[in-house]
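Counting from 1, one number per residue, gives the positions in the sequence shown under our numbering.
Calculated from the structure, these hints are not laboratory results. Just so it is clear, CB atoms sit at the ideal spot from N, CA and C, and this is done for glycine as well. Heads up, a few of these hints could be off.
Computed list of lysine to any residue pairs in SDA-like fashion (alpha-carbon distance at most 25 Å, straight line) [as the list claims (entries may be wrong)]:
(1) K44 / G648
(2) K502 / P539
(3) K604 / P539
(4) K291 / D270
(5) K604 / K502
(6) K11 / G154
(7) K281 / S707
If you anchor each label on the Cβ, the simulated ranges turn out as follows [stated by the list, open to error]:
(8) S684 / N495: 20 to 26 Å
(9) P567 / T408: 49 to 55 Å
(10) I14 / Q711: 42 to 48 Å
(11) H434 / N512: 46 to 52 Å
(12) N496 / G265: 34 to 40 Å
(13) P563 / N670: 37 to 43 Å
(14) H447 / Y641: 38 to 44 Å
(15) L727 / Y641: 19 to 25 Å
(16) K308 / T558: 52 to 58 Å
(17) I14 / K308: 52 to 58 Å
(18) S684 / P319: 41 to 47 Å
(19) A446 / T609: 48 to 54 Å
(20) Q99 / K291: 34 to 40 Å
(21) T156 / R370: 45 to 51 Å
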Amino acid sequence: MLDYLISKLRKRGIRTVITCQTDFGNGYPERNRPTGGFSYLYDKCDVHSNPDAVRAQERYVSQFIQHKNPYTGFAYRDDPYVVGFEINNEPCHTGDPAQTRTYINRMLAAIKQTGNMKPVFYNVSHNMDHVGAYFNTAIQGATYQWYPIGLVAGFTRKGNFLPYLDQYEIPFSSVEGFGSKAKIVYEFDPADAAYTYLYPAMARTFRSQGFQWITQFAYDPIDLARYNTDYQTHYMNLAYTPGKAISMKIAAEVTRRVGRGESFGSYPADTLFGDFLVSHKQDLSVLNSEKIYLNSNHTTERPVAPEKLATVAGCGSSPIVDYAGTGAYFLDQLEPGVWRLEVMPDAVPIADPFAKPSLSREAVTIAWNRWPMRLRLPDLTGEFHVVPLGADDVPVAAHAEGGALQVTPGVYLLCRPEVVDAATRRWQADTRWHSINLGEFVAPEAHAAHFSVVHTPATVVTADESLTIRATVVGPSLPDSVVLHTDRVSFWSANNPRVLLKHGSGYRYEGNLPREMVKQGVIRYTMTVYAKGQATTFPDNRPGTPLDWDYPEPLYWTTQVVPSAYPVVLLDAAADGESLETYAMPEWGGNTVNSRLDHPAAPKAWRYTFAKRDSGVRFFWKRYVADVVANRRDRLADATYLCVALPGVHALDSLSVGLTTDDGYTYRANIALDGAPLVRIPLSTLQLGDTPLLPAPYPVFLERYFSPTVQRSFDVATVESLVLHTLGEVASDASLTIGNVWLE
Numbered sequence: 001m002l003d004y005l006i007s008k009l010r011k012r013g014i015r016t017v018i019t020c021q022t023d024f025g026n027g028y029p030e031r032n033r034p035t036g037g038f039s040y041l042y043d044k045c046d047v048h049s050n051p052d053a054v055r056a057q058e059r060y061v062s063q064f065i066q067h068k069n070p071y072t073g074f075a076y077r078d079d080p081y082v083v084g085f086e087i088n089n090e091p092c093h094t095g096d097p098a099q100t101r102t103y104i105n106r107m108l109a110a111i112k113q114t115g116n117m118k119p120v121f122y123n124v125s126h127n128m129d130h131v132g133a134y135f136n137t138a139i140q141g142a143t144y145q146w147y148p149i150g151l152v153a154g155f156t157r158k159g160n161f162l163p164y165l166d167q168y169e170i171p172f173s174s175v176e177g178f179g180s181k182a183k184i185v186y187e188f189d190p191a192d193a194a195y196t197y198l199y200p201a202m203a204r205t206f207r208s209q210g211f212q213w214i215t216q217f218a219y220d221p222i223d224l225a226r227y228n229t230d231y232q233t234h235y236m237n238l239a240y241t242p243g244k245a246i247s248m249k250i251a252a253e254v255t256r257r258v259g260r261g262e263s264f265g266s267y268p269a270d271t272l273f274g275d276f277l278v279s280h281k282q283d284l285s286v287l288n289s290e291k292i293y294l295n296s297n298h299t300t301e302r303p304v305a306p307e308k309l310a311t312v313a314g315c316g317s318s319p320i321v322d323y324a325g326t327g328a329y330f331l332d333q334l335e336p337g338v339w340r341l342e343v344m345p346d347a348v349p350i351a352d353p354f355a356k357p358s359l360s361r362e363a364v365t366i367a368w369n370r371w372p373m374r375l376r377l378p379d380l381t382g383e384f385h386v387v388p389l390g391a392d393d394v395p396v397a398a399h400a401e402g403g404a405l406q407v408t409p410g411v412y413l414l415c416r417p418e419v420v421d422a423a424t425r426r427w428q429a430d431t432r433w434h435s436i437n438l439g440e441f442v443a444p445e446a447h448a449a450h451f452s453v454v455h456t457p458a459t460v461v462t463a464d465e466s467l468t469i470r471a472t473v474v475g476p477s478l479p480d481s482v483v484l485h486t487d488r489v490s491f492w493s494a495n496n497p498r499v500l501l502k503h504g505s506g507y508r509y510e511g512n513l514p515r516e517m518v519k520q521g522v523i524r525y526t527m528t529v530y531a532k533g534q535a536t537t538f539p540d541n542r543p544g545t546p547l548d549w550d551y552p553e554p555l556y557w558t559t560q561v562v563p564s565a566y567p568v569v570l571l572d573a574a575a576d577g578e579s580l581e582t583y584a585m586p587e588w589g590g591n592t593v594n595s596r597l598d599h600p601a602a603p604k605a606w607r608y609t610f611a612k613r614d615s616g617v618r619f620f621w622k623r624y625v626a627d628v629v630a631n632r633r634d635r636l637a638d639a640t641y642l643c644v645a646l647p648g649v650h651a652l653d654s655l656s657v658g659l660t661t662d663d664g665y666t667y668r669a670n671i672a673l674d675g676a677p678l679v680r681i682p683l684s685t686l687q688l689g690d691t692p693l694l695p696a697p698y699p700v701f702l703e704r705y706f707s708p709t710v711q712r713s714f715d716v717a718t719v720e721s722l723v724l725h726t727l728g729e730v731a732s733d734a735s736l737t738i739g740n741v742w743l744e
């Protein structure tokens, strides 16, 4: 399999660095199946010191590097598309660093004896007490990784993560030998995040730190990507995550265009660098240069030189391309007046891709539809011809007027009228262009066999104000209509309130509940999709409608409705307590243990005790609240106090309480824990401080806080997260009980 992969990469002009060995099992996501290899015979942390294991590895790396690939005819050591070798993946070194140095040198000697002339790398981002040993060897380079927001959350993380990507400081850069080693990234990914602005920001920071090779982990195989079962904390595939894939294309350009060691200042100044833009609020990354324009999401960013553009790619609309579909598209100029257009099918998320994976749970579905597209390329003004390219296509040209055309997934030639005849002879489906054939097109078939409705109800809204309901609806066809019913409907009633959701762009539908339907209490509602004479009601996903006499008691989406003066609740201990994330810093120093206090005579609360494994540990609580406050903007603007219910405190005398805004800045106050069950903190007393980077990043040597260098005033309207943490040393018998948290 590796031989075949290398040969295929070679045909596409892709080079690789090969890691010779790893000590992980082979079973994920199923159980491991022992194969008898030495990674099953020896413990991961023993394989570098056990004499028999070391001798086995010497033989193995020697044979591996001399192995002749039958598909290319080259031994790995001689293949020009194999750049170098990493000895092993994430080694576990314990004991004497001198033994580590001996092990590395033995591996290097075994590799050198094969006649290898390629650079050999070693992982230096683990086992920090062995760093000196790593660099006191003849390795030519060091390998690093970066997971800035942790791994395996089990859900999609939200928030502004640009402060997490501001720096990649290496604390051992002064170690002797460090400066003479090449630096490569063997894997990186902002795990558990669906945003499209993160990859370019990470690439910028890597280049500022001087990295020369940067490898993303990992690209999902197209046949499994609909379920994201490969390793569910990562998710990237052109067909299934088109915005992220375009952002990876932008990140590749960052790597090419940003010089080694080039600095762009600290966040937020570094969100605009060179020809690039990254934005959390717009979930957007852009490359805007004279010849290339790339956008990962909808944008109004105008091209700097539209008349000089030769490459355009994107997801969503831009000043160059208006497109209603949700897949990626690519426009490349082949010659003046002739362009290649590739359009991928629509990717529609229908479940959380970072939840527990299952082959019975589709995370993203694929749909093929015909959508309008309008181009504003100076090279294709007015009328042009649209010629489909493909092995089974007859090249009969259609016309585009005023830059407007209708497209389905596939590959097309776009030609000005005066060049269409010559162009269709010169540029055909089997014409070789860069590393592909011009008509080459790979995409999954449509598999949205049934309708899905994706909708997140508002948590809480204000009474007597209209409420906008938005949903994504996807299925084997576009629906005829989508209708919302509340729980006030009845088969026996002649007047049942309903709201018709209007079709917007792509698969988005939207409707408004009038203010007279938004009354204090709880709104309960369903949505029914009508298509081709059939009706399906959601969230049940059941045939029929709530107006049918025999429709069972339906499930509902629900939204709490409160008076305008009601406080803005950031944490409802009864409903949200389990969503309050807990952390320790350093993360290996301890953890919290929580238990729910549920006495009928007392308000709901959660009691936390602390398991310490080290001194100087700080314990944190965090909750993302932007979705909670989104529909309480009126009340939020009037808030003057942050209120925290603390019905139980033992052996703790102070606590930090803070709010992180959507620009990643944290404003906090330190409060005394004097036994008062309720603490009211004036918002005017919150002070700008460091933002804790939670969850902790990998590798372990990275900074755990973002320290702002640009001052900004606190704006309660931009609150995104609630953050609390302990202060000072925490006693082993300490406990803290947290109840509701709100703004009033």
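Cross-check of the supplied hints:
Restraint check: the Cα-Cα separation between K44 and G648 comes to about 44 Å, which exceeds 25 Å; the hinted pair is violated. For the given pair, K502 sits about 19 Å from P539 by alpha-carbon distance, which is consistent with the 25 Å threshold. Annotation: proposed proximity of K604 to P539 is violated, straight-line Cα distance about 29 Å (limit 25 Å). Note on K291 and D270: the hinted pairing holds, with a Cα-Cα distance of about 23 Å set against a maximum of 25 Å.
In summary, the hint linking K604 to K502 is not supported, as the alpha carbons are separated by about 41 Å, beyond the 25 Å threshold. At most 25 Å may separate the alpha-carbon atoms for a hinted pair to count; K11 and G154 exceed this at roughly 37 Å. This hinted pair checks out: K281 and S707 have alpha carbons roughly 20 Å apart, not beyond 25 Å. The hinted range of 20 to 26 Å is not satisfied by S684 and N495, whose Cβ atoms lie roughly 51 Å apart.
Taken as a hint, the range 49 to 55 Å holds for the pair P567 and T408, whose Cβ atoms sit roughly 51 Å apart. As the Cβ distance of I14 to Q711 is approximately 45 Å, the hint placing it in 42 to 48 Å holds. Between H434 and N512 the CB atoms are about 49 Å apart, so this pair conforms to the stated range of 46 to 52 Å. Take N496 and G265: their Cβ atoms lie about 59 Å apart, and the range 34 to 40 Å is violated.
For the hinted restraint 37 to 43 Å between P563 and N670, the CB-CB distance of approximately 33 Å leaves it violated. About 51 Å separates the C-beta atoms of H447 and Y641, a value inconsistent with the hinted range of 38 to 44 Å. The given range of 19 to 25 Å is respected by L727 and Y641, whose C-beta atoms sit roughly 21 Å from each other. Distance hint for K308 and T558: a CB-CB separation of about 53 Å, consistent with the stated range 52 to 58 Å.
At about 28 Å, the CB distance of I14 to K308 disagrees with the hint of 52 to 58 Å. As the Cβ distance of S684 to P319 is approximately 42 Å, the hint placing it in 41 to 47 Å holds. Checked against the hint of 48 to 54 Å, the pair A446 and T609 passes, with Cβ atoms roughly 52 Å apart. About 53 Å separates the C-beta atoms of Q99 and K291, a value inconsistent with the hinted range of 34 to 40 Å.
Look at T156 against R370: about 30 Å separates their beta carbons, and that is not inside 45 to 51 Å.
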